[in-house]
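Okay, here's what each chain looks like letter by letter:
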Amino acid sequence: QKEVEQDPGPLSVPEGAIVSLNCTYSNSAFQYFMWYRQYSRKGPELLMYTYSSGNKEDGRFTAQVDKSSKYISLFIRDSQPSDSATYLCAITNTGNQFYFGTGTSLTVIP
Amino acid sequence: NAGVTQTPKFRILKIGQSMTLQCAQDMNHNYMYWYRQDPGMGLKLIYYSVGAGITDKGEVPNGYNVSRSTTEDFPLRLELAAPSQTSVYFCASSYLQTLEQYFGPGTRLTVT
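If you read the protein sequences in the order shown, they are chains A and B.
Numbering-wise, the working numbering comes out as the position in the first sequence, counting from 1, plus 8.
Numbering-wise, the working numbering comes out as the position in the second sequence, counting from 1, plus 50.
Calculated directly from the structure, the hints in this document are not laboratory data.
Some clues are possibly wrong.
Straight-line C-alpha distance at most 25 Å; calculated DSS-like pairs for lysine-lysine [stated by the list, open to error]:
(1) A/Lys-10 - B/Lys-107
(2) B/Lys-94 - A/Lys-78
(3) A/Lys-10 - B/Lys-94
(4) B/Lys-59 - A/Lys-50
(5) B/Lys-94 - A/Lys-50
Computed beta-carbon distance windows for the label pairs [unchecked claim]:
(6) B/Ser-119 - A/Gln-105: 22 to 32 Å
(7) B/Thr-162 - A/Asp-86: 38 to 48 Å
(8) B/Leu-130 - A/Glu-65: 45 to 55 Å
(9) A/Pro-89 - B/Ser-117: 36 to 46 Å
(10) B/Pro-58 - A/Ala-37: 36 to 46 Å
C-beta: ideal position from N, C-alpha, C; glycine also.
Put together the whole structure using the sequences plus the hints.
As structure tokens, then:
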């Protein structure tokens, strides 16, 4: 069983839409949850991270963790064409070994 | 401040050849990581290092070797390249055990 699973999409939305990206994970011991954005042919960049359950907001981005169902989400409000990228979820317990989802490809259409 | 740099950007290897992927960071980060990214497979951790002289295996270490003689550099060595090692390789670094990893631009390797 994979440590983390992510719907690969692709996802295509009109500009201004609310986007929901999701991952599930298998081991309840994982405590840290991250979202990365990766533009085509570039390295990933960290968007947000959360510890344990709850919500964290940063501008148009909200990360949500539900540890009871082992489910993590990233919401993007008022999506922009510049948000078009692949979004990767990642989890870790120790900060040494990180497990990444396969990524969801998002296109925001102007 | 260049961040994390990787060389080369692209490389084609023949089966059985060897090469070293270079990674350097100028942020004085303790932790450094090597990942490979295959289409539809996400990032897989190959090796990581928590400081000079200390390395450990990740999820997919077979066929690779690393060394960390300085804080700045973390080269990845491929011995006897195989087609299964065709991938995009990313190096990353972070300060201590924080969650914010800074990634390099990647090396695209093809083994034929």
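Results of checking the hints against the structure:
{"no.": "1", "hint": "A/Lys-10 - B/Lys-107", "result": "holds (18 Å)"}
{"no.": "2", "hint": "B/Lys-94 - A/Lys-78", "result": "holds (21 Å)"}
{"no.": "3", "hint": "A/Lys-10 - B/Lys-94", "result": "holds (12 Å)"}
{"no.": "4", "hint": "B/Lys-59 - A/Lys-50", "result": "holds (11 Å)"}
{"no.": "5", "hint": "B/Lys-94 - A/Lys-50", "result": "holds (16 Å)"}
{"no.": "6", "hint": "B/Ser-119 - A/Gln-105: 22 to 32 Å", "result": "holds (23 Å)"}
{"no.": "7", "hint": "B/Thr-162 - A/Asp-86: 38 to 48 Å", "result": "holds (45 Å)"}
{"no.": "8", "hint": "B/Leu-130 - A/Glu-65: 45 to 55 Å", "result": "holds (49 Å)"}
{"no.": "9", "hint": "A/Pro-89 - B/Ser-117: 36 to 46 Å", "result": "holds (43 Å)"}
{"no.": "10", "hint": "B/Pro-58 - A/Ala-37: 36 to 46 Å", "result": "holds (38 Å)"}
Figure legend: structure checked against the earlier numbered hints; every hint is met.
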